[in-house]
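Number of protein chains: 2
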Amino acid sequence: MIDPTGFLIPKKKKPYTSSDVMATVAPLNLNQSIIALPHKTPATGITLRYKYQSANLLLVASVKQLVGDSLQLSPLASRIKAEDMFCNSPPCCNDAGFLQKNNSLDEKSRMVGSFKESAKNQLTCDNSERFTRAETDFSNLFARDLLPAKNGEEQTIQFLLEVVEILTNYVRKTFDRSTKVLDFHHPHQLLEGMEGFNLELSDQPESLEQILVDCRDTLKYGVRTGHPRFFNQLSSGLDIIGLAGEWLTSTANTNMFTYEIAPVFVLMEQLTLKKMREIIGWPNGDGDGLFSPGGAISNMYSVMVARYKYFPEVKTKGMSAAPRLVLFTSEHSHYSIKKAGAVLGFGKENVILLKTDERGRVIPADLEAKIIDAKQKGHVPLFVNATAGTTVYGAFDPINDIADICEKYNLWLHVDGAWGGGLLMSRKHRHKLNGIERANSVTWNPHKMMGVPLQCSAILVREKGILQGCNSMCAGYLFQPDKQYDVNYDTGDKAIQCGRHVDIFKFWLMWKAKGTIGFEQHIDRCLELSEYLYNKIKNREGYEMVFEGQPQHTNVCFWYIPPSLRGMPSGDERREKLHRVAPKIKAMMMECGTTMVGYQPQGDKVNFFRMVVSNHAVTKSDIDFLIDEIERLGNDL
Amino acid sequence: MIDPTGFLIPKKKKPYTSSDVMATVAPLNLNQSIIALPHKTPATGITLRYKYQSANLLLVASVKQLVGDSLQLSPLASRIKAEDMFCNSPPCCNDAGFLQKNNSLDEKSRMVGSFKESAKNQLTCDNSERFTRAETDFSNLFARDLLPAKNGEEQTIQFLLEVVEILTNYVRKTFDRSTKVLDFHHPHQLLEGMEGFNLELSDQPESLEQILVDCRDTLKYGVRTGHPRFFNQLSSGLDIIGLAGEWLTSTANTNMFTYEIAPVFVLMEQLTLKKMREIIGWPNGDGDGLFSPGGAISNMYSVMVARYKYFPEVKTKGMSAAPRLVLFTSEHSHYSIKKAGAVLGFGKENVILLKTDERGRVIPADLEAKIIDAKQKGHVPLFVNATAGTTVYGAFDPINDIADICEKYNLWLHVDGAWGGGLLMSRKHRHKLNGIERANSVTWNPHKMMGVPLQCSAILVREKGILQGCNSMCAGYLFQPDKQYDVNYDTGDKAIQCGRHVDIFKFWLMWKAKGTIGFEQHIDRCLELSEYLYNKIKNREGYEMVFEGQPQHTNVCFWYIPPSLRGMPSGDERREKLHRVAPKIKAMMMECGTTMVGYQPQGDKVNFFRMVVSNHAVTKSDIDFLIDEIERLGNDL
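Taken in order, these protein sequences are the chains called A and B.
Under my numbering, the first residue of the first sequence is numbered 12, with each subsequent residue one higher.
Under my numbering, the first residue of the second sequence is numbered 12, with each subsequent residue one higher.
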């Protein structure tokens, strides 16, 4: 129907007027309605944008050159709106073109007639250098011009594509090691407003052009958590499939509470949780679970469910219906267990911290002693948390030993595998979680070790029905029993949330795309990289390991000792000085933007670096880079 | 450098072989390295994909037609990878083309030489009907071929663009009234697997082609919550700016706990919350707040903070350190208040339900009577929730009257404005929340009435510092005091979560794009539409309103009475029959996929429809459509 190889308008002295274009270029399509309405005079090198309404086709052309006595236009890009982003060959290219060199007078007049009938169609022209930005002038467009605005479709798609351009460039650069990890600014600097980037909100709308600038600047002043040299958090990396999954999730913009409005996502969640329970080792994958907004909330669920299991009357009557309940977790465990104790009304002093060995693993005998002690005080031990992969050391508590004690004293056993749960996917490393199948509940965050975008955290419970029993309130407006489908699929009443974000899709899609073996490879690789780091620095001058022996997880904890401290005898002065080394190096790293790694004190140990690897983009060269960078920045401290 | 108007290869009997193309088409660019490596034989109508590596340019062409004794190729789309999604005129189109008709022998041989030097470059050809799918053959690509894979950039961008094509088509169709709202399937149907769409996860990876199919099918079998005829939930609509914001948020893939890794988002949250507090009317916008994962959690925060204010020792010692505390909320309020009572250890029987008038508004005298009653029983009244916009009736409790009572008895006043908070943005409607400035805390969900994509819920607290006091656990590994920036910006310890999803950006971006006045217009419009509905049906045959008078919010609650019930005397039989009408109509709506609207019973009232409008795409014609559809489906019941 349309020939995209080029077409001509009569040669004349510039500037060409609208009518030149209208009379010759515009009515290309004989079918009905190809129209050009230039609002500027076209000239060589200028980009014209044609909208072929009836064909749902967009063709972009450049006024190219003079050929004979005509001005030749060159199409640059074409796109079928209905299905394709770019032009598709059959609808627009199969038929022989016309007006390719010079049109006959008959053809011309016919086409002009066709044009005049279709005044609603348009052509814009623009001489911006950058095609996509030139294509639509966003400086005069506003949010109100986008869908559902009348005729807002074209602007909407163009705006979204422009955003996608920003995002794909960001993605590309994130994996490019010549890009900085961050461009650090202090809060007051950003608050005062960077050039062209002002965080303040106002009464009046801003143009879409400004909105695009804001998008660029938001990314510019942020931190590239997917960069191969970002080691700062347990969650890192930018998985492309996961990213696509999140884009789809936000486009679907729905809520997990009912099958009615999230049929596919609800089923995906159900199937994925079952698969995870199978991997944990619960018979037939039976049990229950939910994706929750993060590991802290997942851990909170475990305490709630344990309380409901042993003291269901607390739901109705409150904590006064129960005796003084105590919870146990290691001094190395995540603070969310203590937080759950405070939130749920146990009180944080009733969260008893267990001693660990030098590697950060719970000492089971200490658990048993503290259970006995609590009982002697008349308190009621309720719940034990075993951590599979502690936050700082990456330690795995001995689950089987702890499970023995829980069975002996009839306590709820929860495994916080927020960080280490991913190792269940690895045949090589899953033995570190041996005994997890004996747990009553498990927290497992695919957004950490499995590289799923934030947020994606699962709470898994062995006993079916108990989440529902614990949390249901039977709201009539959401969970009507008289729906036309099996309402057992309405899962919202199991949650402490009402609306619940769709966290499953990206994870499900990644699992599809990588397979179980893909996750296994990812995990094995990250552990190999941390082994590489450990072997590299364990005997290197200027390094001290925080704990002896090869780490269980990817956590490698170490002090860098600057030359000035190397000869210094141990004692308070050295401790104080060493305590300041990691923060100083970290601050310089951030100012330089070259890499990021975490540090913290732990117990009586002064600030040390905690290196972790969960990003699939990391290679040995990045580990080398980190060490070089620490030495470069720390040498003169 | 490259001429996109078309180029020719010698005419010969089909099929053309690789060497035909290699010898003539491929080495188009004299500069260095235009290369064609067809893996299939090109034929008319076939799409070829050229990769001009040195120029970072992709040009796609179709083998078009025979011209003279040559086969003409037509370029369909071109793209500069470095910066632009489509081709840009200056780099690829300014120079005069060559090889445009027939190349001289010299030119040919020179180009072939150039080609042979660049074996890494490639051309693929494909006879798929859809251009973008042809452009990259995803059937042989896997997740492992995407970034960070070596040379994975092109595939990554192509894959993401393919996903974006799926998403933009979805967006476009969502606003098209000829599209169904949903394509309903029962759980067992989806679980058994639709054609080509299987939810099961497996050990082995699937191709990117299958992943794209999965994306399409996930959307296909989902529900279009942005469709102008989706009225089922308080959250509806698909805001394009908000959507762009979510895409960016997932690409940034970071976490709100520290300024360190979310500098821009942390500041945006701070500024936006301050703006919201100013709108509430707290002096200077002072106070505190957080975006939380939904209104239920925001309400839970309010109860936690109230408890901490009056009984801070509960954080440490648990609920046993406090007397028996009671909370008050209306029988029409959201179930999350009761849920918070259960979760936090108050017990749901200590959540006292207040009577409402016939419009669903709390009767203040009942509150006072119940406070006195509780005190007489020795219980301690702690907290009152006033709802601004109830879930079903859209009622606004009289905040000032309730605030008077709270002041008199020294109780915490929370306003649950999850649904109605948006009306604060409207000069016309904000009087419905008069007195909100007297509240100690407010829940306000921009993801409901303000059209922000899910999830976006704020808990706002008048007293500064109390969120921190209530929830802080001072985890050393995250909240190091010795950072190089002002650590007051690390907000994570105020939350009950550890990692916290970035919910602010889309909202901030929408505010920038619409301005405060844009939100006001949106809200006023939605309320006008519900007024239109109310006026349309209040006296219409076959309708009964659930409560008298014009609704306060966009909630319009009504029974549709099928002709068969219209003459029937009131009584149990009619009630039972009427109770079944709304579910039946709803089920048919869903089977037809034409529209969706919620229904529920309330107190002693049998199932009725609750119509709500929060979607900016809705027009009067959609309201008319809903009524027509109810009558069409319900007429014969």
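These are computed hints drawn from the structure, not numbers from a lab.
Some hints could be false.
As the list makes no split between identical chains, a pair holds if one copy fits it or if it spans any two.
Capping the alpha-carbon separation at 30 Å, the derived lysine-lysine pairs in DSS-like fashion look like this [as the list claims (entries may be wrong)]:
| # | residue 1 | residue 2 |
| --- | --- | --- |
| 1 | 386 | 359 |
| 2 | 328 | 388 |
| 3 | 439 | 161 |
| 4 | 320 | 359 |
Since we're looking at a predicted model, the values are computed, not measured.
Against the structure, the hints:
In this assembly of identical chains, residue 386 and residue 359 lie within 30 Å of each other by CA distance both inside one copy and across copies; the values are 18 Å within and 29 Å between. In the homo-oligomer, the alpha carbons of residue 328 and residue 388 lie at most 30 Å apart both inside one protomer (24 Å) and across protomers (15 Å), since each shortest distance falls under that limit. For the identical chains of this complex, residue 439 and residue 161 are inter-copy neighbours only, at 26 Å across copies versus 58 Å inside a copy, given an alpha-carbon limit of 30 Å. In this assembly of identical chains, the alpha carbons of residue 320 and residue 359 lie at most 30 Å apart whether taken from the same copy (21 Å) or from different copies (17 Å).
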